[in-house]
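Generate the whole structure from the sequences, applying the supplied hints.
Going line by line, the protein sequences match chains A and B. According to my numbering, the first sequence is numbered sequentially starting from 1. According to my numbering, the second sequence is numbered sequentially starting from 1.
If you're looking for bench data, these hints aren't it; they were derived computationally from the structure. This one's a predicted model, so the numbers in the text were calculated from it and none came from an experiment. Even for Gly, the Cβ is constructed at its ideal location relative to N, Cα and C. Careful: at least some of the hints might be erroneous.
[To be verified] On the chain A side, residues computed to face chain B include the following (Cβ under 8 Å):
1) Glu27
2) Leu31
3) Val59
4) Pro62
5) Ala64
[What the hints assert, rightly or not] The calculated SDA-like cross-link candidates involving lysine to any residue, where the alpha carbons are at most 25 Å apart (straight line), are:
6) B:Lys234 to A:Ala30
7) A:Lys39 to B:Lys174
8) B:Lys190 to B:Ile251
9) A:Lys4 to A:Cys54
10) B:Lys234 to A:Tyr69
11) A:Lys39 to B:Gly226
12) A:Lys12 to A:Lys72
13) B:Lys234 to A:Pro43
14) B:Lys234 to A:Glu27
15) B:Lys239 to A:Pro43
16) B:Lys190 to A:Lys39
17) A:Lys72 to A:Lys39
18) B:Lys197 to A:Tyr69
19) B:Lys234 to B:Arg167
20) B:Lys197 to A:Ser22
21) B:Lys239 to B:His115
22) B:Lys174 to B:Ser107
23) A:Lys39 to B:Ser228
24) A:Lys12 to B:Thr20
25) B:Lys190 to A:Leu3
Residue strings, one per chain:
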Amino acid sequence: MPLKGRIVVTEKYCKGCELCISSCPQEVLALANDRITAKGYHPATMVADGCTGCGICSVICPEAAITVYREKTGVNRIPA
Amino acid sequence: MVLENCEIETTVFERPDSLTGTTSHYCPGCTHGIANRLIAEVIDEMGMREKTIGVASVGCSVFIYNYLNMDFVQAPHGRAPAMATGIKRVLPDRMVFTYQGDGDLASIGMAEIVHAAARGENISVFFLNNTNYGMTGGQMAPTSMPGQKTTSSQTGRDVETQGFPIRVSEMFSKLDGASYIVRRSLHDPKHIRMAKKAIRMAFETQVRGLGFSMVELLSICPTNWGISPLNSIKWLEEKMIPYYPLGDYKIHPALAEIKL
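If you want it as structure tokens, here you go:
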């Protein structure tokens, strides 16, 4: 099973430059066209499942706006 | 599904502690932000935040003093290496670095930087090369490419009248005082990671007292180039890198043993 991850974009910093969108290997990022930030940009957001938590978007983000989390492997799960 | 352990996630990346919470003044896509972040990450990894003094130059690069949460002074245009020299000589146990753009370092500050390198001053210099004067509106810089259109070379840089661009790293690699001279680029994640290692090596050079270290970082300037951030990245890759080849220009033999 592929690793699962998620990102949190701090919209205060995001300027909608699209560098994260073009470099995402899973192509799960896009600009949120339904809202704008305080500076007046459409922020980047995760639009689909499939994030692996690789962190490439955070490496290229010029504003350090992206926090990346990855699910730990080997966490014990009890079926409900 | 019930999770037994609350700690189910690891944080792969978060904003480094050395960056302040200020929103930056940089244009969307500007790789200055990446360079600031890399310096913050390296200083955090080395645990040297309380012992670091930065010298900000003039240009877009100056506002680094608002973004890095550490001691900073601002130097007059081009004089950052002179100020860093003074600070380092008075406080030799501190890590002193300058952060300069190409208009500052390669034009008005050329005398200061060349002599700081020739003297082998024990400072680190981070040199952002985006082939124009960013803050003042995209005028031609000493690093502008032949034929490049800027606001002060509107038909393209004519090498007959305006001369050839200066390749700073190649020039400094011939100076005996310089210990670590490399050129890196900030256009994709792979090269950004390489740039981070180079920044670390520059600081390690200084901590070991080996002399002058400089990392030249090729950068984009979408607003003044008049193209989108994504096209700027493409332009950097296709036009700038062939003219300013990436690589290690001078490495002190004592640095070979450092493994990062």
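task = Starting from the hint list further up, note which numbers the structure goes against and sort them upward.
result = When the structure is compared with the hints, numbers 1, 2, 7, 10, 12, 15, 16, 17, 21 turn out to be violated.
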